[in-house]
Every structure is written in structure tokens, then in C-alpha cells.
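Chemist: Now for the letters of each chain:
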Amino acid sequence: MIEYSRVRRVIRGTDDPTDKKIRFMALLTSSLPKGRRRPVLAGGSAIEVYLDGTLRTGDMDIVYNRKALEEVLKAWGFALGGGLRAWANEELGLAVDMVGEDYSGSYERVTTITTEYGPATIMGIEDLILKRLASAKFWNVPTDLEQAFLLGKAHDDSIDWSYIQEESRKADTGDFVAKLKGMLAKGDR
Amino acid sequence: MDKLISNPDPPYAMNRLGELLGSTTRGNLVEALALSERSLTAYGVARAYNMNIAKVYGEMRRLEGLGLVRSSKGSRGREYVLVDDSLRELALKLSSRVQTYASWRSPESKRARFRMGLASVPRFSLDGQSTAVATGQRRMPGELENLANLGRKKFDAKYRRVSERAYDRI
Chain F
716 MIEYSRVRRV IRGTDDPTDK KIRFMALLTS SLPKGRRRPV LAGGSAIEVY
766 LDGTLRTGDM DIVYNRKALE EVLKAWGFAL GGGLRAWANE ELGLAVDMVG
816 EDYSGSYERV TTITTEYGPA TIMGIEDLIL KRLASAKFWN VPTDLEQAFL
866 LGKAHDDSID WSYIQEESRK ADTGDFVAKL KGMLAKGDR
Chain L
5 MDKLISNPDP PYAMNRLGEL LGSTTRGNLV EALALSERSL TAYGVARAYN
55 MNIAKVYGEM RRLEGLGLVR SSKGSRGREY VLVDDSLREL ALKLSSRVQT
105 YASWRSPESK RARFRMGLAS VPRFSLDGQS TAVATGQRRM PGELENLANL
155 GRKKFDAKYR RVSERAYDRI
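Same order as they appear, the protein sequences are chains F and L.
First residue of the first sequence: 716, per the numbering used here; consecutive thereafter.
First residue of the second sequence: 5, per the numbering used here; consecutive thereafter.
Hints in this document: simulated from the structure, not taken from any laboratory.
Possibly wrong hints are sitting among the right ones.
Partial chain L-side listing against chain F, Cβ under 8 Å, derived [as the list claims (entries may be wrong)]:
| no. | residue |
| --- | --- |
| 1 | G62 |
| 2 | Y171 |
| 3 | R173 |
Where is the CB? At the ideal position from N, CA and C, for every residue including glycine.
The task is simple: from the sequences and hints, build the whole structure.
Modeler: See the structure below:
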């Protein structure tokens, strides 16, 4: 496992909040056993990466084996914050939310960013869009539709829409995919 | 600049732009044009801010007369665009919808977010280092497209694509 002193130096070596998260994911991946699935950055913080901070969130939603992740977080001075799964380190200005052990998206569609500190794995854009659309539909969160729009607009050239269509049928969000595509075609003017 | 945002909770509640320009309508209008960076109809601005359309038309004409705004005939009627970059910059700094990046990063703001579980509410940045827009308000037409384009531009500047789903940090 990478020493906390190095983690501290690397994370505090940048003022860019999105870079901090990428660096953290890279250091975390490098500290965990090789040969297993890598930890995946999901949720709002993943969207933040795809939009490079144009949209910012606070905590990092990480999908990984809870026990192994806890071990690293404790060694790096993280303490339990609010709730039973949110860990925070005020010195680093980072908070981690352990959102689960099983990645609900497709591992084939994750994005890997290679940094000098190791690789950082980010939830695939398609799965992020699907999640946001489901939230917009079933939880009636309008900002989630906005976030799906931002992702779709910013990365329109690298999205596998056939995958989104197929998965949305299973999730009963086909109507919101159509809505999003309409918004993307028309713009938000 | 940061001293102007003295109350971090909420830090962008007061319409300082309107106060400075001596009119809430004028402040909202300049803010709308500055945020959108696209031409807008007076109707669109009036609707976004729930303002009297006649008042907005009047202010548009007044700003155009001062050379701060330019109008042209568009598909949806007369469209207006802010042409004075200094006014745009000032509007973004003073906007009730915008919080400076420095203020967002201030220890007070950080502590407040930490107490809330590090902010579950996302904020939007309009350019590299300067601003973050509060959510929960009606967006300007074209605002989301601008944010998406900006996000992509920043992403491309930071990461180099090496294969379909793999990037290198530049």
C-alpha cells in the first residue's frame, strides 16, 4: 500500500478538485490487490470528470469491495463521517462514499485514465446517462436530466446509443431516452 | 472580490448586480445575456425571470442605445446579445446565480460543504477557474449547451484519447 505521506503530497499537490479525485482513484487502484476488478468512480464525481469540473460534486462514489476499501481508507486517515458508508479526510479535502460492491454498469464501457500515479477507472458515460435518466423519471429530479444532457452533448461522439436504448428498455426509461435525444437534437435554447 | 460575498449561506442570494445597476430588471437582463453568451429574445429573458415583458423591452432598447447590447432580427423576433466584455465580466462576478471559484474554495465554504456531507448539490463552472453557478434556478436558453461545450473543451485539454475508452492524463 502506498504510504499516506505520499498520498498527502500527491493530493495536495494540485488545487484542481477534479484532479484530486483522479489522483486519489489512481493511488487507490495502485494500493489495492492486482488481478481483481478495479475500484470504479461512479455518480456525480464521475460526471465531474467527464465535464472536467464544469459540474462539481463533493464526495466520491466508489464501487469496490467494502472491506478492502475500508482498510486503505483507514490507513490513509479517513474517518467515518455522516452515515455508515461515508468516509472523509479533512486534510485531503476528500470524502468517499462506498456505494456498493457490485458495479451495476458494464465493465466493458468503463473509462480508464492513466496517470503518473496509476490508472483511474471511471463509470462509463452510457451507464451514467442511464442512471441519471432513471433518477429523473422515477425520483423526479430535473437536474439529473440536465446532467444527462450535459454528458450527451459533451461526449456525443463517443456514446454507444444502441447500448443505452437496449438497457433503457429493461429499466423502463425508454421514454426519457427519447426525451433526452430530442433535447440533444434541439438544444436547450 | 471575495469580500463582496460575505454571507456564504447562501452566498449568492442577493441581487448585487441589480443593486449596482440601479434596477433589478436591468440586473437580471444583463445577467441573462452574460450567462447565455448567445443572443436572447426579450420574451425569453422575461419568462426566465418572471418579469414584465414591456419593462424588459424598454431596458433592452436602453442598453442598446448605450452600445452595450446589440440586436438583430432572429427567427423568434428581435434577439439581443451583450457586446461589452467588461460588462459581461462584471455581471458574472456580481451575478446572484454565480459564486466565484475562489469563494467556493474558501475555508468557510469548504467547512459548510463538509458539514453537509461535502455538498450533494452540484455547482456549475462557467470557465476554467472563476465561477460556479448555483442550481435550483431556471437556466438561460443555451446555458446547458455552453456548459457542455466548455466541459468537453476542458476534458480534451486535459486528457489524450489513446483508445476507445482509455485516456492518458496530459
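Chemist: Each hint needs a verdict: does it hold in this structure or not?
Modeler: Checked hints:
Hint status for G62/L relative to chain F: violated, with the closest Cβ pair at about 24 Å, above 8 Å. The restraint placing Y171/L at the interface with chain F holds, with a minimum CB-CB distance near 5 Å, inside the 8 Å limit. A distance limit of 8 Å between C-beta atoms decides the matter here; for R173/L the minimum to chain F is near 4 Å, and the interface restraint holds.
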